[in-house]
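Asks: Construct all of the structure, not just a fragment, from the sequences and the given hints.
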Amino acid sequence: MRINHTSVPVDDQQKALRFYTETLGFRVKHNIPLGEHAWITVVSEEAPEGTELVLEPAEHPAIGPFRKALVEDGIPYTAFTVDDAAAEHERLVAKGVRFVQPPTDLGTVITAVFDDTCGNLIQIMEEKAQP
Amino acid sequence: MDIYRAIADRTRRAILDELVDRSGQSLFEICGRLIMKHGIGSSRQAISQHLDVLEAAGLIRTRREGRSKLHWFVGAPLKEIGERWPVSTDEDTSHSTDEDIEK
Chain A
722 MRINHTSVPV DDQQKALRFY TETLGFRVKH NIPLGEHAWI TVVSEEAPEG
772 TELVLEPAEH PAIGPFRKAL VEDGIPYTAF TVDDAAAEHE RLVAKGVRFV
822 QPPTDLGTVI TAVFDDTCGN LIQIMEEKAQ P
Chain B
87 MDIYRAIADR TRRAILDELV DRSGQSLFEI CGRLIMKHGI GSSRQAISQH
137 LDVLEAAGLI RTRREGRSKL HWFVGAPLKE IGERWPVSTD EDTSHSTDED
187 IEK
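Quick mapping for you: the protein sequence lines, in order, are chains A and B. Counting with the working numbering, you get residues 722 to 852 for the letters of the first sequence. Counting with the working numbering, you get residues 87 to 189 for the letters of the second sequence.
These aren't lab readings, by the way, just hints derived from the structure by calculation.
In silico PhoX-like links for lysine-lysine, alpha-carbon gap of 20 Å or less:
hint	chain 1	residue 1	chain 2	residue 2
1	A	K789	A	K736
2	B	K123	A	K849
3	A	K750	A	K736
4	A	K736	A	K816
5	A	K789	B	K155
Pair ranges (Cβ atoms, derived):
hint	chain 1	residue 1	chain 2	residue 2	range
6	A	P852	B	Y90	34 to 44 Å
7	A	E757	B	I89	55 to 65 Å
8	B	I89	A	A759	51 to 61 Å
9	B	Q135	A	P754	47 to 57 Å
Glycine residues also receive a C-beta, built at the ideal position from the N, C-alpha and C atoms.
Replies: Written out as structure tokens, the structure is:
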């Protein structure tokens with residue numbers, strides 16, 4: 722058993738595709754039209770053969786209230802690993818990304834949380850080198 | 087809710103310390119700071135109740151930014167303490183911290 726895919730529910734798949742590629746910098750792996758929606762996955766440029774992120778239509782009526790409650794409390798839907806949280810924060814802010822939490826040193830990790838404009842908060846996490 | 091009861095609890099004092107460090111935090115950020123920096127692993131529900139107590143005492147206020155609810159520290163109610171028991175200039179004014187108190 723392997724974990725090859727993970728997913729985020731998105732309000733609008735095409736808008737999400739633009740945000741996750743043009744803004745975040747991921748690469749499209751699959752974009753297969755399936756009737757009303759599409760099977761869209763993106764991968765990291767640093768690991769193109771790695772885990773694929775599925776941009777999944779947030780269609781089920783339960784997703785709305787669920788994500789509203791998460792966002793209200795500032796809880797990220799998922800997290801991505803970065804080498805330098807401060808540099809990513811600076812890069813993304815310059816592209817107009819809104820952060821709910823700027824880079825915060827929590828001892829072993831530095832984390833920050835931003836709005837993906839598709840209904841989710843996303844955390845970036847830098848693991849600090851251990852002395 | 088009076089301020090004395092509000093600040094009589096170690097977790098609530100730690101919440102205020104963290105909100106002084108950075109104003110405008112979500113419940114998620116507050117919980118993350120409490121567990122990672124203070125070793126306080128209370129549930130989100132418990133921390134939420136602590137925030138309600140602090141808000142009722144006027145020591146924090148909340149505001150929505152986008153769709154997230156953020157929390158700010160408000161120091162004004164604490165002025166009452168200094169006015170009620172003023173510190174005279176000729177006494178020892180070395181400070182103690184929570185760590186000293188709990189030892």
